[in-house]
Amino acid sequence: MGIEFKQLSFAYGGQQVLDKISCRLRPGCVHVVLGINGAGKSTLIKLLAGFLKPGEGSVLLGNKPLKDLTLHQRAQRIAYVPQQQQTSYLLVFDYLLLGRKPHRYWQSGRADDALVCAMLERLDLSHLAQRALSQLSGGELQKIALARAFVQEPKVLLLDEPTSSLDLKNQLEVMEMIALETSAKNLTTIITVHDVNLALRFAESFVLMKDRKILAFGDLEVMSPEHLSQLYGLPLRMYRQGNCLQVVPENNL
Amino acid sequence: MSAIVCPERSQGSYRRRRLYWLGFFALLLLPAAGLMLLSGAVELSSLQLLEGLFSYHDDVTRLVVWEIRLPRLIGALLGGVSLALSGTVLQAVLKNPLAAPTTLGIAQGAAFGAALGITCSGLRGTFPTLFGALTGLAGSVMVSLFAFIFSLLTTGVIILLTHLRQSGKESIILAGVALSSLFMAGTTFLQYFADETQLAMIVHWTFGDLARASWPELYLMGFVTVLATGYFFANRRNYNALLAGDDVAQSLGVSVVRLRLTTMSIATLATAVTVTFFGILGFIGLIAPHMARRLVGSNHSYLLPLAAILGALILIFADLAGQLLLDPVALPAGVITSFLGAPVFLLLLFGRRGLERGD
Chain A
1 MGIEFKQLSF
11 AYGGQQVLDK
21 ISCRLRPGCV
31 HVVLGINGAG
41 KSTLIKLLAG
51 FLKPGEGSVL
61 LGNKPLKDLT
71 LHQRAQRIAY
81 VPQQQQTSYL
91 LVFDYLLLGR
101 KPHRYWQSGR
111 ADDALVCAML
121 ERLDLSHLAQ
131 RALSQLSGGE
141 LQKIALARAF
151 VQEPKVLLLD
161 EPTSSLDLKN
171 QLEVMEMIAL
181 ETSAKNLTTI
191 ITVHDVNLAL
201 RFAESFVLMK
211 DRKILAFGDL
221 EVMSPEHLSQ
231 LYGLPLRMYR
241 QGNCLQVVPE
251 NNL
Chain B
1001 MSAIVCPERS
1011 QGSYRRRRLY
1021 WLGFFALLLL
1031 PAAGLMLLSG
1041 AVELSSLQLL
1051 EGLFSYHDDV
1061 TRLVVWEIRL
1071 PRLIGALLGG
1081 VSLALSGTVL
1091 QAVLKNPLAA
1101 PTTLGIAQGA
1111 AFGAALGITC
1121 SGLRGTFPTL
1131 FGALTGLAGS
1141 VMVSLFAFIF
1151 SLLTTGVIIL
1161 LTHLRQSGKE
1171 SIILAGVALS
1181 SLFMAGTTFL
1191 QYFADETQLA
1201 MIVHWTFGDL
1211 ARASWPELYL
1221 MGFVTVLATG
1231 YFFANRRNYN
1241 ALLAGDDVAQ
1251 SLGVSVVRLR
1261 LTTMSIATLA
1271 TAVTVTFFGI
1281 LGFIGLIAPH
1291 MARRLVGSNH
1301 SYLLPLAAIL
1311 GALILIFADL
1321 AGQLLLDPVA
1331 LPAGVITSFL
1341 GAPVFLLLLF
1351 GRRGLERGD
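Chains as they are written, first to last, in my numbering: chain A, 1 to 253; chain B, 1001 to 1359.
Any given hint could be a false lead.
FRET-style restraints, in silico, Cβ to Cβ [unchecked claim]:
#1 A/Gly14 to B/Leu1029: 54 to 60 Å
#2 A/Arg24 to B/Tyr1020: 43 to 49 Å
#3 A/Ala114 to B/Leu1347: 35 to 41 Å
#4 A/Ala184 to B/Ser1013: 30 to 36 Å
#5 A/Pro225 to B/Gly1012: 54 to 60 Å
#6 A/Asn186 to B/Ala1178: 25 to 31 Å
#7 B/Ala1178 to A/Cys244: 56 to 62 Å
FYI, nobody ran anything at the bench for these hints, they're computed from the structure. None of these values were measured; they are calculated from a predicted model. We put the CB at the ideal spot given by N, CA and C, even for glycine.
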C-alpha cells in the first residue's frame, strides 16, 4: 500500500511550513526525506501519520483518503516512531505488546505473545524482554521502539530521525533493521534523516525538501552534487568509494 | 544467535509472579475485613459477629453490625478503591507521579464547600431572604451538596487547564497546588468569622472519617465506584499506550485528548463523592499506586487491581490503627493516612528510582 500526498499545505499559526507539495511514494522501498533543520520534515511525517490536519490538500493511503479512516483503522495500517522515545517502567515485553493493540479489541492473546517473542529473537533482542524501558541504553531503546512498530504489522512505517542520537554502529544496525523489514514485508517506509551518507547507503528513494517545497524527488539520480549543494546551502562534493557514494563538504566554505 | 532464555516462558513466570502478588493482597483483605468488623466501641466476639450478620435474634448486636460496623467496612473498601484508582489513572494521564486527588486540590475544594455550607446553614436564620431557597434542606445535606459542588468546580478548573495546556501537563499539579492554597485561604477566612459551634463543625468535617456514611450514601458511592472502576479497567491498555508518549499512543489508535478528559472527569467525580461523604482522606491516592507500581511494575493490567486492593487495605488499617492507637479515643482514619503521607512523599522525592522501577 503506497502513500500519496497532493497539494499538501500546512501552517503553524501564521507560519507556512509546507506549501502545496505533492508526491507519490511506492511500497517496498525506503524513502528518505532530507532537508535542513526546520524544512518541515517532521511536519510532513506528522501529516502522513494523521496527527496534524493539512490546511490544504490530502493524503491518500492506497486509494483511500487518510481523513476517511478512523483512528483505529489508521493504527492498523500506519506505525509511527518518534524521534525521542519516552522511557517508563513498562517492561520491554509489555511495551512490544502495545504494538498488537490495534489488532486486538479487548486483550492480547497467546498468538501475540508468540509474535512478540519471534520478533525479539529475530532482532536478537531477547535478552531485553524482562527489562524496564528505563533501564535500556539509547541504542537498545531505539531498536525496541522499532520492534514495537514492526509488531504492529503496518503497511506504512513512519520514522522521525530514527538514528539521530545513536553511535555509528547502532546507526548502521538500526538502518539495516529498517531496510530488511521494509523489503521483507513490502512496507512503504518513510524516514527523516540528517546524515546524507547514511541515507545514500540504505535508501532507494529520496525526497529533498527546501523552503516549504519539494526541491527534488526520485531515485539515486536526484542525489547530485548540485541538488545537495542547493539543499544544504553549501558546496558539496560526491565521491564513489567501492559501492558507496560519499558526500563531503568542499574544503573551504 | 538466539538468546538462551526463551522470553515467552520467562514472560509467563513473570506474569505469574504478578498474579501471586494480586492474590496475596486480595486474600489479606479477608482478615483485615474481619478485624475491622470485630473492633469498635462495643465488644463483640466473633460468634456474636456472625450471629449479628446472619440471624435476626439479638437486636443490639444486629444493629451494631448492620448499621455501624458493616457500613464502615464497605465505606473503607469503596473509598480506598476509588481514591487509589483515581490516583493511579490521574498519574497515567497527567504523566506525573505526584498526581492524586489531594495534590490536585479536589479535596481542599470540597473542604471549602463544606465550610461554606456550614456557615450558610448558620446564616439561614439571620438572613431568611438571602438563603430562602435553601431553607428546605437539612443542614447535613446542604454541607454535602456544597462540598460536592466545590470539588466538581475544582475539577472543572483543572480539566479546563489541562485542555488549554496540552503541552504542559506537568504544570497541572502546580495549578492544583495553587488552587488548594486558594481554597485553604477561603476556608480559613470562613473559620475566622464562624462562631464556636460552626468552627468545630468545619474543623471536624476536614478529618476524614469512615464512620460518617450510612447506607443510602454508600449505595451512591458504590454506584460511582463501580462505574469508574469499569471505565478504568476497560482502558487499561490505553493507559499503557500513554506511557509511550501521546503521539505513539495516538498512532496505536488511542484518542488521547478524549481519554485524558474522560479519565480526569471520572476520576475526579469518584474522588468528589468519596470526599463529600468521608471528608479528606489524604494521600491514599498517592501511596497506593506507588506501592503497587513497586510490586508489579507499570503495566496497568496488574497495576490497577493491585492499587485498588492496596487502597482498600490501607484505609482499613488506617481506620483500625485510629481506633487502637489512643484507645479509648478513636482517631479518624484521615489523620492516620495523612501521617503516612509525609514519609511516602519523602521516599518519592529521594528514593524515586527504587519506588518506580519496573520490577
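Is it true that glycine 14 of chain A and leucine 1029 of chain B lie within 54 to 60 Å of each other by Cβ? 59 Å, holds
Quick check: does the Cβ-Cβ distance between proline 225 of chain A and glycine 1012 of chain B fall within 54 to 60 Å? 57 Å, holds
If I claimed the Cβ atoms of alanine 184 of chain A and serine 1013 of chain B lie 30 to 36 Å apart, would that claim hold in this structure? Cβ of alanine 184 of chain A to Cβ of serine 1013 of chain B: about 31 Å, so the range 30 to 36 Å holds.
With respect to the beta-carbon atoms only, verify the hint that alanine 1178 of chain B and cysteine 244 of chain A lie 56 to 62 Å apart. 58 Å, holds
Do the beta carbons of asparagine 186 of chain A and alanine 1178 of chain B sit within 25 to 31 Å of each other? 54 Å, violated
Does the beta carbon distance between arginine 24 of chain A and tyrosine 1020 of chain B stay inside 43 to 49 Å, or does it fall outside? For arginine 24 of chain A and tyrosine 1020 of chain B the Cβ distance comes to about 55 Å; the hint is violated.
Alanine 114 of chain A and leucine 1347 of chain B, beta-carbon distance inside 35 to 41 Å? About 39 Å separates the Cβ atoms of alanine 114 of chain A and leucine 1347 of chain B, which means 35 to 41 Å holds.
Of the hints listed earlier, those the structure fails to meet are numbers 2 and 6, in rising order.
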